[in-house]
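Residue numbers (this note's numbering), protein chains in the order written: chain S, 1 to 199; chain X, 1 to 425.
Treat the hints as calculated values from the structure; they're not laboratory data. Careful, some of the hints might be misleading.
Unchecked claim - Restraint ranges, calculated between C-beta atoms of paired labels, are given here:
hint, chain 1, residue 1, chain 2, residue 2, range
1, X, 310, S, 114, 32 to 40 Å
2, S, 115, X, 3, 39 to 47 Å
3, X, 91, S, 119, 27 to 35 Å
4, X, 370, S, 65, 47 to 55 Å
5, S, 115, X, 13, 22 to 30 Å
6, X, 78, S, 65, 29 to 37 Å
7, X, 27, S, 103, 35 to 43 Å
8, X, 78, S, 108, 41 to 49 Å
9, S, 16, X, 91, 52 to 60 Å
10, X, 41, S, 102, 47 to 55 Å
11, X, 53, S, 99, 53 to 61 Å
12, S, 5, X, 342, 49 to 57 Å
13, S, 144, X, 366, 31 to 39 Å
As the list claims (entries may be wrong) - In silico SDA-like pairs for lysine to any residue, Cα to Cα no more than 25 Å straight-line:
hint, chain 1, residue 1, chain 2, residue 2
14, X, 48, X, 25
15, X, 352, S, 14
16, X, 95, S, 179
17, X, 95, S, 176
18, X, 48, X, 352
19, X, 352, S, 163
20, X, 95, S, 184
21, X, 95, X, 49
22, X, 323, X, 77
23, X, 65, X, 352
24, X, 81, S, 14
25, X, 77, X, 49
26, X, 157, S, 165
27, X, 95, S, 169
28, X, 157, S, 107
29, X, 77, X, 60
30, X, 323, X, 103
31, X, 352, S, 179
Unchecked claim - To be clear about the criterion: a stretch of chain S counts as covered by chain X if any three or more of its residues have a C-beta under 8 Å from a C-beta of chain X, and this derived list gives those stretches:
hint, segment
32, 8-18
33, 24-38
34, 100-111
Even glycine gets a Cβ: it sits at the ideal position worked out from N, Cα and C.
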Amino acid sequence: MNWHTLLFYLFALMSCGFAIAVVASSNVVRMAFFLIVSLASTAGLFFLAGAHFVGAMQIMIYVGGTLVLLIFGVMLTAHAAFVSMVTKSSDWVLAAVFGGALLGLLALTAFSVEDWRVARGDQAAVTSSEGEFASSIGQALMGMRVDRLSEGNSQLEAGMSGYLLPFEIIAIHLLVVLIGAAYLARTKRRVGSVTEGVQ
Amino acid sequence: MAEFINSFLFPDQPDHWIGVLITALIHVVMIINVIAVGALVFIWMERKVSGRIQDRLGPTRVGGKFGWLQTLADGLKLVAKEDITPGQADSFLFKLAPYLSFTASFCAFIALPFASGYSWSSGWAAREVNTGVFFVLAVLGLEVFGVILAGYASGSKWSLFGGMREAAQVVSYEVPLGLCVIIPVMLAGSMNLVTIGDMQEGLFTNWFLFHDPFTFCVFWVYFTCAMASVNRAPFDLAEAESELVAGFHTEYSGLRWSIFFMAEYGSMFLVSALAAILFFGGWNGPFPVFATLASALGWEAWPTTGLLGYVAGLAGVANILFKGVVGVTVMIWVRWTLPRLRIDQVITMCWKYCVPIAAVCFAGALFWQYNNIWFLNSLHPARSRAEVRENWSVNELQLLTPSALHEVGESDMAKGIENEAGGQI
Chain S
1 MNWHTLLFYL FALMSCGFAI AVVASSNVVR MAFFLIVSLA STAGLFFLAG
51 AHFVGAMQIM IYVGGTLVLL IFGVMLTAHA AFVSMVTKSS DWVLAAVFGG
101 ALLGLLALTA FSVEDWRVAR GDQAAVTSSE GEFASSIGQA LMGMRVDRLS
151 EGNSQLEAGM SGYLLPFEII AIHLLVVLIG AAYLARTKRR VGSVTEGVQ
Chain X
1 MAEFINSFLF PDQPDHWIGV LITALIHVVM IINVIAVGAL VFIWMERKVS
51 GRIQDRLGPT RVGGKFGWLQ TLADGLKLVA KEDITPGQAD SFLFKLAPYL
101 SFTASFCAFI ALPFASGYSW SSGWAAREVN TGVFFVLAVL GLEVFGVILA
151 GYASGSKWSL FGGMREAAQV VSYEVPLGLC VIIPVMLAGS MNLVTIGDMQ
201 EGLFTNWFLF HDPFTFCVFW VYFTCAMASV NRAPFDLAEA ESELVAGFHT
251 EYSGLRWSIF FMAEYGSMFL VSALAAILFF GGWNGPFPVF ATLASALGWE
301 AWPTTGLLGY VAGLAGVANI LFKGVVGVTV MIWVRWTLPR LRIDQVITMC
351 WKYCVPIAAV CFAGALFWQY NNIWFLNSLH PARSRAEVRE NWSVNELQLL
401 TPSALHEVGE SDMAKGIENE AGGQI
């Protein structure tokens with residue numbers, strides 16, 4: 001067996017298995033831990049595909065973001081040790097309906113793509129593109145699609161402008177959120193310190 | 001390497017999984033050795049240095065002179081200790097937490113190059129990652145999970161306090177750390193650690209530390225933030241033994257406790273080696289001994305092939321290990337000199353000092369680089385940095401057919417690269 005296939009199955013199995021474990025577990029902190037493993041396995045899939053930058057992003061943003069979830073989990077349950085969450089049966093039904101609908105939709109879409117249903121013939125010719133991937137992502141964010149430069153079809157040239165506008169919108173949005181969060185945190189403390197001073 | 005092993009086992013299948021597994025195991029064993037032997041030496045060093053600073057001798061007996069086997073004796077003691085899980089603890093997470101910390105520290109070593117390999121292709125790393133700096137920082141940030149889980153799962157208030165402090169501290173210090181690391185990345189124009197290291201070859205004046213006054217300042221900010229992010233005194237609030245007994249590892253004993261320490265010393269060495277690559281020229285010594293030797297002997301082809309290139313690689317490994325150990329020594333020295341900060345002082349240090357200084361240095365370095373102002377880096381440049389960064393285009397030029405080469409050769413950039421590649425080195 002090819003090592004690539006073996007590792008793909010390993011990571012895919014870990015990713016799915018621990019995702020199920022997140023749902024099945026009733027302890028918040030254990031859930032967060034299972035979520036970390038599941039997301040890290042997904043990062044492993046990206047590394048396997050040669051997309052080092054996307055994999056590292058997955059670790060930085062998703063796995064690192066779980067940290068905050070974990071902290072909240074600890075803070076919310078710290079008043080009594082190891083609180084277990086009981087899910088109501090009505091919630092189970094609701095979650096099953098929505099989750100099942102989404103899963104069905106995704107599966108249907110995935111299987112409707114013609115190219116994905118049959119294995120490609122020239123598998124020996126496929127090489128992993130561990131090349132200059134991060135720089136082309138960066139250039140696309142700055143407004144030029146290097147991979148589209150050789151595009152002959154003038155209809156598709158519209159996509160060559162890259163993602164500068166969405167990138168800027170997201171950047172400004174995050175800045176506003178950051179300032180808002182800092183403002184909220186500050187005002188609350190100032191009121192508290194004033195009342196303490198009066199007392 | 002996997003192909004080499006498979007050529008003995010499965011000559012017809014060069015990428016059979018057994019060969020790849022054996023290759024991976026060899027790499028894993030070597031990295032674990034770097035961490036474990038490193039911890040062995042650093043713990044002994046910590047005891048000796050702290051002893052000297054406190055005007056005593058430190059360990060003197062075990063292993064004859066200087067007590068150099070003291071850590072081994074400590075390790076034997078730890079193995080012999082009883083492995084206790086408190087009744088209050090969440091035993092699954094409690095047992096897992098130290099391994100999680102260690103795994104994060106270990107995984108970051110995968111992308112750390114120890115020498116450039118002295119060829120156009122790859123560095124001496126377990127796996128050369130195209131975005132190495134980013135990968136190392138992302139993975140190293142996961143070490144805090146082990147600490148928080150340990151704090152939570154111990155079922156003890158001391159541990160919980162320690163874990164939550166660590167979380168607040170690490171989340172804060174990732175911001176200035178990232179800002180500091182961006183500056184060498186910006187100067188190099190690459191996130192590949194091998195490329196960043198190679199760009200600083202030649203005399204020690206070519207190190208990014210001497211690129212401009214701002215990079216010189218930002219190194220100290222980086223070192224402070226690195227110390228905080230690996231949870232090292234004076235930022236070791238997670239263990240703060242004067243107030244929290246022992247913080248997150250209060251309930252741990254024996255081998256599990258020592259695994260936390262292996263992870264800590266591993267990360268200490270890792271951030272020091274990263275500092276060496278980003279600011280101190282990595283595997284390049286202060287004087288280019290091998291390049292001078294090769295040009296004196298008239299071996300123009302030495303960087304790509306040959307025994308001298310290999311010996312130069314080994315010297316590079318010695319260089320980076322030395323620089324990393326110096327970094328760890330400074331951390332030990334700081335730990336036994338400065339008193340521990342309070343939690344509010346730690347956070348103030350991060351947001352009111354480290355972040356603004358790093359941001360100003362970033363703007364300053366950008367200004368310096370953009371206007372190409374003279375500083376120590378321009379004193380004796382080994383070769384143009386663009387040439388190191390764009391080596392892939394040299395490779396592609398070599399792979400192209402003669403007619404295509406002629407076409408590409410029209411552009412100025414390609415000409416420049418050809419001239420430079422043919423010229424110095």
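For which of the previously enumerated hints does the structure constitute a violation, in increasing order of number? 1, 2, 3, 4, 8, 9, 13, 14, 15, 16, 17, 18, 19, 20, 21, 22, 23, 24, 26, 27, 28, 32 and 34
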